[in-house]
Structures are given as C-alpha cells and as structure tokens.
Amino acid sequence: MSAAGPGVSAAPLGRGSGFFASYGVWIAAIVVLAALPHLFSSGLALTTLCLMGTAIIFALSYNMLLGQTGLLSFGHAVFFGLGGFLTAHMMNVVESHNAPLPLMVFPLVGGAAGLVFGIIFGAVSTRRAGTAFAMITLGVGELVSSSALILRHFFGGEEGVTTDRTDLIHLFGVTFGPQIQVYYLIAAWCLASTAAMYALTQTPFGRICNAVRDNPERARFIGYNTQAVRFLAFSLSGLFAGVAGGLAAINFEIVNSAQMGAAESGTVILMTYIGGVGDFAGPIIGAILVTYLQTVMSGITDAWQLYFGLLFIGMVMFAPEGIAGLLVKQRLLLRSRRLHRVAPYYALALLPGLVALAGVSLVIEMTNQLTVHAADGPDMTFFHVAFKADAPLPWLIAAILLAGGVWLFLRAARLAGDAYDEAAAAARGATT
Amino acid sequence: MTEIIFISTLNGVLYGMLLFLMASGLTVIFSMMGVLNFAHASFYMLGAFFGFEISRRLGFWAGLAIAPLLVGGIGVAVERYGLRRVHRHGHAAELLFTFGLAFVIEELVGMVWGKLPVNYQTPRALDFPAFTAFSIDYPAYKIFELAIAAAIFVALLAAVKRTRIGLIVQAALSHPEMVGMLGHNVDRIFMLVFGVGTALAAVAGVIAGPALVTQSNMAAQLGPILFVVVVVGGLGSLGGAFVASLLIGLVQTFAIASNASLAGAFGHLAAASALRDFFGDIWTITVAQIGPILPYLLLVLILIFRPRGLMGTRET
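Chains as they are written, first to last, in the working numbering: chain R, 40 to 471; chain B, 67 to 382.
Hints may be right or wrong, so weigh each one.
Listed next, with one range per pair, are the computed distances between beta-carbon atoms [to be verified]: (1) ASP418(R) to GLY246(B): 40 to 46 Å; (2) MET67(B) to ALA413(R): 46 to 52 Å; (3) TYR223(R) to ARG151(B): 43 to 49 Å.
Residues on chain B that point at chain R, a partial pick, calculated with CB under 10 Å [to be verified]: (4) LEU102; (5) PHE165; (6) LEU174; (7) VAL297; (8) GLN355.
Because the hints were derived from the structure by calculation, they are not lab data. Values in this document were obtained by computation on a predicted structure and should not be read as measured data. Backbone N, C-alpha and C define an ideal beta-carbon position, used for all residues, glycine too.
Taking the hints into account, I'd like the entire structure generated from these sequences.
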C-alpha cells in the first residue's frame with residue numbers, strides 16, 4: 040500500500056494487464072489489512088494495529104494541508120478531538136433512545152463534525168497563508184482546547200466523555216466487543232478514507248491545491264481564488280481528521296480534551312513530516328513507524344519523546360523529503376539497475392550513523408539515570424553492559440562515540456550524496 | 067474596588083513588561099528573518115532553569131548575569147548551525163525546526179530538572195514588602211522585576227533608535243532585502259539579533275522564575291501567548307508589540323480578579339431560568355475562568371477585523 044505514490048499514476052497505463060496494473064496496490068492493501076491480525080494476533084499487536092489505522096487517516100488528512108496545499112497547521116488535533124467528542128455523544132444519545140443505528144456508520148458523525156468545524160475555523164484561518172496561517176491555527180487550537188476545560192458539561196472536564204460501543208444494535212451478530220472486530224472496522228474505514236484522499240489528489244481540485252502551494256500568484260492569474268482553494272482543502276482535511284477522531288472514540292470508548300491539545304497536534308506533525316510530505320504514501324509510513332516506535336520505545340526508555348524530537352530535527356535538517364522521499368529517490372536507480380553501485384556508500388554511512396546514535400543514546404540514558412532515576416543510584420546497564428553513570432569513563436566513551444560518529448557520518452553522507460548524484464545523472468542520461 | 071484596580075494594574079503592567087521582554091526579541095527575529103521562532107519561550111524557560119541552577123550555587127545575582135549570556139550563546143549556536151542550514155528549505159522548514167527544538171528543549175528540561183516545579187527562591191535582599199496599600203503588602207521583588215523590565219525597555223529603545231546597528235535593524239524590519247543589497251553582512255546581523263533576542267527572553271526567565279512557577283511546561287504555556295502578542299501588535303512594529311504586551315498583561319490580570327458571570331449580571335431577570343437552560347455552562351462561567359482563553363479570542367478578533375495588527379506596517 041506504500042507504493043501508491045504519484046509516480047505510479049504517472050506510469051503509462053497501457054503496460055501491464057489493465058485492471059491489475061491500476062488497482063493492484065489497493066487489492067494488495069486489502070489482502071494485507073485482512074491478513075495482518077492473523078500474522079500478529081497478540082493483544083498488544085492488535086491494539087497497536089488499531090492505533091496505526093486511526094493514525095494513518097489522521098496523518099493523511101494532515102498532509103492534505105501540509106504536503107498538498109502547503110499549509111502548516113499547529114492545531115489539527117482540534118478536528119480529531121471534536122470528531123471524537125461528537126461521535127461519543129452521538130453514540131450515547133442513540134443508545135439512550137435505542138435508535139437502530141449500527142456502530143459502523145458512527146465515524147461519519149465524526150467526519151461531519153470535523154467538516155462543520157473545519158468550515159467554521161477555516162473561514163477564519165484560511166484568509167491568510169504561510170506563517171500567519173500557522174499562528175492562527177495555533178491560536179484556534181489553544182482556544183478550543185482551553186475552552187474544553189471550561190465547558191465541562193459538553194467536554195466532561197478532565198475525565199472526558201465515556202461511551203460503550205457494544206450497546207448499539209448488532210448487525211449480522213457483530214457486537215464489537217472483541218478488539219479484532221474493532222480492528223476490521225478501523226481497517227475498512229482506513230482503506231476507504233485513504234482511497235478517498237488519494238482520489239482527491241488526482242482530481243483537478245487536488246492539482247490546484249498543489250498549484251496554490253507552489254505558486255499562489257500564478258494560481259490567481261489563471262483565475263483561481265487561492266483563499267477558496269485553501270478553505271476547501273482545510274474543510275475536507277477537517278472531515279477526514281474527524282473520521283479518525285470518531286474511530287479513536289470507538290476504539291478507546293473515551294474521549295478527553297487532551298486528545299485535541301497541542302501535544303496531539305504536534306504528534307501528527309511529527310508523523311507526517313518524518314514519513315515525508317512530498318509523497319502520498321509518506322504520512323502512511325510515518326504513522327506506522329511513529330506509532331510502532333511509540334509502543335515499543337515507551338517500554339524500553341522513558342526518554343522516548345526526546346528521541347522523537349531529535350529524529351524530527353534530524354529529518355528537518357538533513358532529509359526534508361522524509362522517509363518516503365528518500366525511498367522515491369532510490370526508485371530511479373532501481374529502475375536503471377544502478378542501485379548496487381550506491382549501496383556500499385549507504386552502508387558506509389550507516390555504520391558511523393549507528394555509532395553516533397549509540398553515543399547520543401548513551402548520553403541521554405546516563406543523564407536519565409542520574410536525574411529521573413536518581414533514587415536508584417548510578418548503577419545502570421546499556422546494551423547489557425553494566426557500569427556507573429557518574430563515572431567519568433562512560434561519559435568519555437559517549438563523547439568519543441558521539442563526536443567521532445557524527446563527524447564520520449557527515450563525511451560518509453557527503454560521499455553517498457555525491458555517489459547518488461553521479462548514478463542518478465547516469466541513469467537520466469541512459470533513459471533520455 | 068479601588069484596591070483591586072490598583073493592584074491588578076500594577077500586576078498587569080508587570081506581566082505585560084515581562085511579555086514585552088520576550089515578544090520584543092520574537093517580533094524583531096520574525097520581522098527581519100521571517101522566522102517565527104517557536105522555541106522562543108523555550109529560551110525563556112532555559113533562562114529560568116539556568117538562573118535557578120546558578121542561583122543555587124553562586125546566588126541570584128550571578129544567575130541574573132550569567133544565565134542570559136549562556137542562553138544567548140545557545141541562541142547564536144542554534145542560528146548559526148541549525149536555522150541557517152534549514153533556511154534554504156524555506157520558511158516552513160524553519161518553523162518546523164524551531165518547533166522540534168521547543169519539543170526537545172521541553173523534554174531535556176523535564177529530564178534534567180524533573181516535571182515538577184523547582185524551588186526557585188527570590189533573593190533574600192529583595193524579600194520584603196515594598197509598600198503596603200489597602201492593607202496588602204506588595205513584594206519588593208515585583209517592583210524589582212518591573213524596574214529591570216523597564217530598564218531593558220529603555221535600553222532597547224535607545225539601542226534601536228540611536229545606534230548604528232539599531233538603524234540597520236530598523237531598516238531590516240521594513241526592507242529586509244534592501245539591507246542586504248546595501249552590503250551589510252545580513253547573516254551576522256541575524257545571528258546577533260537572534261542571540262540578543264534569546265538572551266532577553268532568558269532575562270525574563272531569570273527574573274520571572276522566582277515569582278511565577280519554574281516548571282518544564284512553562285514554555286508550552288507561554289509560547290502561544292507570545293504569538294498572540296506578535297500578531298496583535300502587528301508585524302514589524304516594536305511599539306505594537308509593547309502596546310499588545312501591556313494590553314494582554316492587563317486583560318489577563320483583570321480577568322483573574324473579576325468574578326462577573328452571565329448568571330451574576332442577568333440572574334435577577336424574570337427569564338433567568340430559561341436563559342440558564344439555553345446557555346448551559348456558559349451561564350455560570352466567571353470572567354476569571356475564561357481568563358486563559360481571552361488572548362486567543364483577541365487574536366481571532368484582530369485577525370478578522372484588523373489583519374495587520376494594531377500598529378503593523380505590512381502583512382506577511
């Protein structure tokens with residue numbers, strides 16, 4: 040499902056066997072989504088998969104703004120949270136009236152809420168673009184998340200609003216009690232939303248969004264109202280964020296105001312950017328990776344958010360195209376069978392990179408041991424090596440690993456970059 | 067009533083001056099470089115924590131002198147090795163870089179000093195009531211904060227209006243490209259402005275730390291309010307930032323002191339019960355409760371009715 044980049048659609052459709060060539064990715068995605076819970080059947084894996092599903096929709100909806108329309112929003116979780124709240128309230132209302140509405144359609148409530156609030160807040164914020172837009176979304180985000188703590192009746196104060204997904208009428212005997220049934224619900228909505236958002240990028244509207252991102256003046260000159268385009272993109276992105284929020288409400292059976300706070304808005308920026316904003320599949324990769332790391336790393340170290348922040352800064356500084364962008368760059372070499380020439384350079388850069396990473400995490404973990412775990416004394420282990428965190432030798436080793444690793448990595452990365460440029464130039468020369 | 071007005075005005079002006087110490091750096095950096103420094107409040111927080119750490123060892127006054135220099139140095143390094151590098155990827159990348167930086171600084175501070183408030187004490191020399199008005203003791207430390215903030219404001223004003231570098235900075239506020247064309251080393255000016263701006267935020271942190279709560283979430287709480295100040299004041303206008311700082315300082319302080327609510331104002335009307343049902347929670351909320359969201363309401367109103375801010379000269 041990660042190959043559905045713009046490059047695929049650019050390939051001539053005449054090649055391959057028509058139907059499968061254009062829908063193969065989606066068929067593969069359906070097969071993978073159906074098979075995943077059988078491959079990873081533990082409770083933790085299933086919970087993580089559910090989180091990934093909502094995160095994918097949320098990150099893709101965010102990329103409708105950042106990647107496709109060039110709008111940097113710091114308050115996107117507002118729509119996620121409001122979608123969740125409205126879904127939970129609607130579920131409670133339907134349950135108390137015994138109305139015949141099955142659980143499957145409730146993400147639509149979230150989507151409708153996201154769309155309505157997207158229209159309201161979009162009318163205010165999309166009057167401007169660029170940095171001013173970013174500040175307005177930040178202000179609106181703060182406004183909504185602080186209001187949530189004041190309007191206790193609707194938002195349930197600190198505890199939030201709870202609901203029960205099994206109390207609705209059961210279609211075909213599906214109770215949504217077991218997590219696996221919730222997984223399939225999330226998977227289906229994730230697939231449908233992804234397909235809808237991908238289809239949107241292929242429409243003239245999607246192209247005009249790109250034009251507004253790249254050159255708003257020219258978009259205006261050919262007769263488009265850039266503000267209206269931004270407004271439409273903002274509202275639609277609110278819709279899909281609301282769907283994700285509705286699914287999260289169904290999954291957790293609780294919504295609280297923290298879900299629309301600045302931290303949540305920050306997480307979606309991290310996911311989308313680390314995955315890559317320039318490619319449709321980028322946010323999918325980012326959502327899967329970040330959710331996976333969150334579950335795995337929060338069990339290993341309590342400084343995991345610091346690692347995320349550093350990874351994010353590293354990506355902004357050295358790989359602004361994100362993971363998807365890096366992968367897309369390799370496709371050119373893969374097609375012209377030149378990847379093997381550059382691969383040794385990548386390996387050469389990877390080695391000092393890992394050394395630098397070890398240095399960084401040694402410093403972080405030792406600091407952590409001396410501050411957060413000060414009560415446990417300075418004895419600690421790092422990769423099965425036991426030592427004292429307040430001794431000078433480990434700090435010296437960490438400093439050497441870090442400085443040497445970074446220096447060598449920067450040199451190797453430059454070599455790899457040169458090798459890539461050379462191979463890419465040769466590949467282009469061979470094809471044209 | 068008079069005592070509330072008097073004390074609230076004093077506190078509001080003080081809070082506004084502290085806001086201005088930070089907003090001045092932020093607005094100058096933003097206007098000159100187009101970089102909205104998301105991490106600006108993080109430098110304020112670093113100032114507070116450095117000040118706390120130094121004051122524990124060397125005393126408060128050493129902290130006041132050293133912490134801003136350290137933080138300014140960090141600011142210079144961030145500009146030189148971080149921002150300048152991402153600059154070629156455009157403004158969005160710069161904004162995201164400072165966003166990541168704010169995230170990392172918050173995590174680092176939380177790791178080193180813990181997530182709970184630290185015990186940053188006012189210096190003993192200033193731990194006495196300055197005067198007693200309406201049977202309320204007003205602490206001398208607050209007067210000291212006000213004096214420092216006012217002194218820096220005057221110094222900044224003089225530096226911007228009277229010195230050569232101030233002249234260049236002023237020119238760069240309105241015509242950033244032209245300054246570069248005239249052959250000034252714009253990179254070095256940026257670095258200097260960034261360093262001075264972050265150092266000013268650190269001064270605010272050092273002096274506000276003992277009076278407010280020094281905690282690892284203080285940057286996240288204050289950061290958005292600074293953006294409100296910059297937008298409300300208007301881009302490229304130090305005067306606007308000053309007015310907006312005082313305005314928001316006063317609005318927030320007076321809101322906290324006010325107990326008014328719709329229920330209090332209209333509760334005696336015949337239709338009170340119907341109104342209560344209609345408004346729900348809003349009926350009983352006091353102004354003090356909505357104090358925290360007032361700046362953001364102001365932001366939205368300004369953007370609707372006067373997008374360039376109170377005293378702004380241009381739009382982004």
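Inset, instruction - Can you let me know if the beta-carbon spacing of ASP418(R) and GLY246(B) is within 40 to 46 Å? - result: With a Cβ separation near 56 Å, ASP418(R) and GLY246(B) fall outside 40 to 46 Å, so the hint is violated.
Inset, instruction - Please verify that hint: VAL297(B), Cβ, nearest Cβ of chain R, below 10 Å or not. - result: 6 Å, holds
Inset, instruction - Go through the hint on PHE165(B) and say holds or violated, using the shortest Cβ distance to chain R against 10 Å. - result: Since chain R brings a Cβ to about 7 Å from PHE165(B), closer than 10 Å, the hint holds.
Inset, instruction - Identify whether the interface hint at GLN355(B) stands, where standing means a beta carbon of chain R within less than 10 Å of its own. - result: 6 Å, holds
Legend entry - Per-residue hint verdict: LEU174(B), partner chain R, C-beta under 10 Å: The hint holds - LEU174(B) has a Cβ within 10 Å of chain R, the shortest such distance being about 7 Å.
Inset, instruction - Just tell me: holds or violated, for the beta carbon distance of TYR223(R) and ARG151(B) against 43 to 49 Å? - result: 46 Å, holds
Inset, instruction - Using 10 Å as the Cβ threshold, decide whether LEU102(B) counts as touching chain R. - result: 5 Å, holds
Inset, instruction - Look at the Cβ atoms of MET67(B) and ALA413(R) and judge whether their distance stays inside 46 to 52 Å. - result: 50 Å, holds
Taken one by one, the earlier hints fail for this structure only at number 1.
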